[in-house]
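With the hints as constraints, model all of the structure from the sequences given.
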Amino acid sequence: MGWIGEIDLGTKPMPVTGPLVSLTIDGQPVDVPAGTSIMRAAALMGTNIPKLCATDTLESFGSCRICLVEIDGRAGYPASCTTPVTPGMVVRTQTDKLAKLRKGVMELYISDHPLDCLTCSANGDCELQDQAGAVGLRDVRYGYDGANHLDAAKDESNPYFTFDPAKCIVCSRCVRACDEVQGTLALTVDGRGFSSHIAASQDEDFLSSECVSCGACVQACPTSALIEKEVIKVGTPDKAVITTCAYCGVGCTFRAEMRGEQLVRMVPWKDGKANRGHSCVKGRFAWGYANHKERILNPMIRASVHEPWREVSWEEAIAHTASEFRRIQSTYGTRAVGGITSSRCTNEETFLVQKLIRQGFGNNNVDTCARVCHSPTGYGLKTTFGTSAGTQDFDSVQHSDVILVIGANPTDGHPVFASRMKRRLRQGAKLIVIDPRRTDLVRSPHIEAAHHLSLRPGTNVAVLTAMAHVIVTEGLFDEAYIRERCDWDEYEDWAAFVSEDHRSPEASAEITGVDPDELRKAARLYATGGNGAIYYGLGVTEHSQGSSTVMAIANLAMATGNVGREGVGVNPLRGQNNVQGACDMGSFPHEFSGYRHVSDPEARAMFEDAWGVPLDDEPGLRIPNMLDAATDGAFKALFIQGEDILQSDPNTAHVAAGLAAMECVVVQDLFLNETANYAHVFLPGSTFLEKDGTFTNAERRIQRVRKVMSPLNGFADWEIVQMVAQAMGLGWNYTHPSEIMDEIAALTPSFANVHYDALEEHGSLQWPATAAAPLGTPTMHLDGFVRGKGRFVVTDYVATDEKTGPRFPLLLTTGRILSHYNVGAQTRRTDNVAWHPEDLLEIHPHDAENRGLHDGQWVSLRSRAGETTLRALVTERVAPGVVYTTFHHPTTQANVITTDFSDWATNCPEYKVTAVQVSPSNGPSDWQESYEAQAKRSRRIEPRLEPAE
Amino acid sequence: MTRAYISCDMASVALGADDIAEALTAAGCTVIRTGARGLFAIEPLVEIETTDGARIAYGPVEPEDVPAILDDTHPNRIGDLATLPFFAKQQRFTFARCGITDPLSMADYTAHDGWKGLAAARALPPQAVVDAVKASGLRGRGGAGFPTGIKWQTVLDAASPEKFIVCNADEGDSGTFADRMLMEGDPYCLLEGMAIAGHAVGASHGYIYVRSEYPFAIRALNAAIERAGPILAPFTVEVRVGAGAYVCGEETALLESIEGKRGQVRAKPPLPAIQGLFGQPTVINNVLSLAAIPFILAEGPERYAEVGFSRSRGTMPVQLAGNVKNGGLFEIGFGITLGELVNDIGGGTESGRPVRAVQVGGPLGAYFPPSMFDLAFDYEAFAAAGGLIGHAGITVFDDTVDMAAMARFAMEFCAVESCGKCTPCRIGSTRGVETLDRIIGDRIKGAAQREQALEAMPQMRNAKVKHRSVDEEIGVLRDLCETMKFGSLCALGGFTPYPVLSALDHFPEDFGGARALPQAAE
Amino acid sequence: MIPDDLDTIVGRLAERFSAQRGALLPLLHAIQEEVGWVPDAATPLGARALNLSRAEVHGVVTFYHDFRREPAGRHVVKLCLAEACKARGVGAIEAALADRLGVGIDKTRADGQVSFEAVYCLGLCATGPNALVDDRPVSRLDARKVDRIVAQVSA
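Chains as they are written, first to last, in my numbering: chain A, 630 to 1578; chain B, 2 to 523; chain C, 304 to 458.
Just so you know, these hints were derived from the structure itself, not from any lab. Honestly, I wouldn't trust all of these hints.
Covered stretches of chain B (in silico footprint by chain C; criterion: 3 or more residues with CB under 8 Å from a CB of chain C, positions within the stretch not fixed) [claimed, not checked]:
#, stretch
1, 171-178
2, 213-225
3, 395-401
The model shown is predicted, which means the values in this text are computed figures rather than measured ones. We put the CB at the ideal spot given by N, CA and C, even for glycine.
Right, here's the structure in full:
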């Protein structure tokens, strides 16, 4: 703890490409890389040249003119931020002349600035204030009644920050941050000269502008012109803790800035290797759910879901849980119970839950939400490359020449990484998008895909195979690479397979709906455009052929030599903050941590030795199998940590039936989520702000989560699991999550060097971190594939059984939106609802017109699985024949519609393809109304009676 | 049929040349529109071709004068223009054709030595062309006076698949019109210069950025580009039109503007020669610099360099403007004195009153009193005298001028045209106007009201009101000028102090009249 | 005032400049030439056509004095107020025009008949004072020419 003030070196670092440049600043010698600014060189030796428009996250700009210096042999007073060092340069940063000039400039600034420092919300945290002091301004001789901007109206439209133009010094840091860092270009300077002022879009309020509320502008502002409302309310923070965001799989590092015990703001940390100082509206601002009034802080139990909840003590809740699981196992057998680990909890907590199941329950009935998102990634990449993870770090994209995005919408789902990608695209990298929707990446300011293959949902494999057809038949494959790195025989089999005429772009166009010419061009570009990198998301995995698609992607990358160095690779964009970690930690029914099969005697022996019990060598049940088994009466109790399967898993009615058939459902969560409507025990969870641990992001980066405040519910989640384990008679005795990580490291070869002291020292580690690679592995498969030879797998296109027809003529595909996260449990309980208060059904104007639908109208959405209603958004973002919605709001319950078709290899549900019909409607469906009523009934809580002493 | 020559230059048209051309046509003449000769005191000017091919000039004339012109009885008969001292004294290298030829006639251009420079350049390797430009001693005619050859060398040496030639035709300085005259009167000359530059540095595309206030030049250039396309090829040229922003005459703001952005000044480095338009190495030269190139290549750099003075080689098309009798364009080798230009060539003021001040180099140039008229026209000499040649415009004022008002105007112009990027210019220019208002006393009434308002406040009843003297206000103004001069990002804010300080230094009597003002309470 | 088919107009004009790099200024000039001004409603259309943000287009529209965000008067008189014209007595001409036109500099008369605007240099600096009257240049302004201008823009 303590205030971790970040040092701003003023300008960006320069890579060391040759000998250092030696110069003299204020008589002191200093050596810096060529290209470094004088300002940065001075800052590195501890001399802070006054500055206002410069900050080391942005390109130097040279507008404020207070960083002027004198250089021997050079006329005038160059700005130190825009002047690079040269060998032998002699610089003076403090002379009488410079002092006078700086004071003169500062006098101008202050002549148009309110003199309200004492009552200003940035008092003490304001660069203008600091610099006015630093240059010794004492007097403004122009007076204060000249032209000014002091009466400019404040913009409070954004829920999280205000813009007060009266405090603005027009340094353009906000504009530049929006352009350079975020890439939205939502801000500009309106007018020119003295009347210049910062404007959002067309000088409108921030909320209605193009602003996506990433916070980069607020972060960049040197005054209180752009400032968090929470700082205005609470005051400036006085201490900070570095921690990791708990939203998406990017894994941004934040400084949680506190005032006392109160969290004031989350500020992206410059040294965070995943985010490099950037953030999005979720991580930056949407943390208010942690204190939301609906959060449950006391344990609760009930005998039946028809009864109201009864608040009980922790002791009672834990004891009840343990006795129920023991009772059920003794009645129905060892395998009648199981658990679900959470991709939102820490590695340590996830590890403990699967350990509880394997060691305590004595079976392998453990699964995780990766089942419904990235299980095909694990399967596909392990099969082809030998590792169940992406091949690159995020920095790698800066070296890509061609970026292929398939089934992913990073600007909404992974916005901070999307900004990095967009920066590279603005620098000239080429983009191919394979997606049924015209996502923002296809065309948004300064970004335009070279090729958008707008395929029919469910035909990924056919499109990728057609691309492979082009690459093989046109001789664009990298033979030397394949011969060296892959199994040539397998390649030849695959090449023969993809070369067959009926897999050509022309032949498959009827299936995929993709223009063959465009597809050919895209394939050529990927194969020959330099470093080719593939990024994909759930639009790849959540299909009946999810695993095939992942392997088809891997095939393409291997065939073109695009694995095993910077700038290339196969990169799954993981959904949840710790979905990679949850998979790594042995959350799957067939694998121990580090992806070792439970039938592997060597691996099993390792765990049996450590845990002192024999372990089941049979894979356990996956989530859908648990639910099936429950409806069949064979599966009776489920421990669910931090996941809302009722809302997130497909075919809601089926999930509900499975849960209803169980005798004991334990839900550990922050809120009474939808699944809790079917639960018997509710254990209040802790937020990421309330505990120590680690998350592993999409680039295999293990990062520390640090406790910012005490758990409101009393315990961190790992402590709660430990209490359950102890109540079940397991002799656990962890005093800190670091001890759990030590156990993980001891039992997981790829984590061998992962310890908290190493994480403290290096900030983060990318697994594998072993004796051979003690600092981790940013890029995988450098000298060869982990599995030995890269394996080409023949991926035949098999159409999904989900077919459109007269009853259900449209294809529904689902996804996410920027302001919300997953089932929305967190973001719906923040002001992010300002952007997206409800789920909408996107429908093409033609399809809307055919059905007499207009924008904003209530529509009924029906599939063979169910029906729901929501409002229509008529847009050309979706192709004719395709409709799209998000699944963030339980009132919509998009998963009532989705079917129980799933990936052939991993059971990952086919969320992305559902045949539906859309028709006008007057309001919520019967199902929605009855669900609403049932949920309300189920959420009744009887207050706890204070025990009489 | 009688051949009559009359200028289609915007200045001539503004004086009625079109009406006269119409009258001449109606009278049965074959009218040939040329560029302007450059002496506007005799405009509108008509030249009638004699049977032996000589031209007899008449001017100024009106449409109703046509019969008198045609029977050679007009009282404003000048005869052979070349014999007028204003023309006889000139060394017309760059403006040799201007006023003589039909600006858009390819035949005329070719007949008058056009394309010789381009042919000579294309026969040489790029480095040899750059060497020739270096040898000519040509320095940037836009104002900064940077050696053109060295700039070209930098671009030639920059390895890049794409480079650009950009012509800065954003001639915004009041008192200057040489670029406009050349673009309207001899556009092929500029295009030829650009094509030579393209060959010299390896650029295949050029832009001419013309201010929107020059519609005639825009039309002439577009027509010329269309006709000269085959000769220029493979080099291509495009005209881009400004949109009312003086600051876009600053080279980096100009590049931003061509890129379709706000005309905000970029910090240098990087130099445009290394990272210019669309991030590529770019030659950016003024119209006059590029228009000097064909002569240098056609006649040889020595021929160009043999005229001039000290390190300022070649000729400078000087523009005499404002209250001057013989206003116009006068191309001459460097070294002529300011007094010669104003009094001998210019003939003193048009009003007939004594010359009190001349401003050299546009709105950012210094004001000089006649006592400094022995100053030689030379980059270094002017810099040493606290001024600048700039684009060689000389604006003459007679003794009715109020120099404090001109100083205020300099600040006001800067405030109107500031791009708003750097603080000294953005805020300083407005504070400069306010400070000068206090000095001039325009706002004495406002100050009195302020004083009353303060006094009306109960807590101020007994506060001592401190008055600031004019000298103190001038001290504030001088400090502000220093902040702007040394602190500004570009020449707009950086040179605005020149007219202000020179007015203060040379005409202090115009600033002394204001009464002391109360200082605002702190 | 804003044409109903503004989106068609902007689309058509944008097409014309699609091959040009940095096409925003040419597009805005073309819009102003065709529509007479650049309505704020044209900004999102231009932004979409050129794949820029609305903010970028807005920043450019407001930077350059040429682009009108309000319609101009039926006639436009632009008077040069720069030094060379000042030296030749534009001060008196400005006062006379303001008086005779019934509108001060940089304003449009209430009846929309005439806009009277300042311009800084037309490059006619030896023959000032100068004006552009409905884009036609007029030099050596004097009382007689002021009369002519007033008559012309009153029609």
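- Taking a Cβ-Cβ distance under 8 Å as contact, does the stretch 395-401 of chain B have three or more residues in contact with chain C? holds (count 4)
- Within the stretch 171-178 of chain B, is the number of residues with a Cβ closer than 8 Å to a Cβ of chain C three or more? It holds, with 7 qualifying residues against the three required.
- Query: For the stretch 213-225 of chain B, does the count of residues with a C-beta closer than 8 Å to a C-beta of chain C reach 3?
  - Reply: holds (count 4)
In summary, this structure violates none of the numbered hints.
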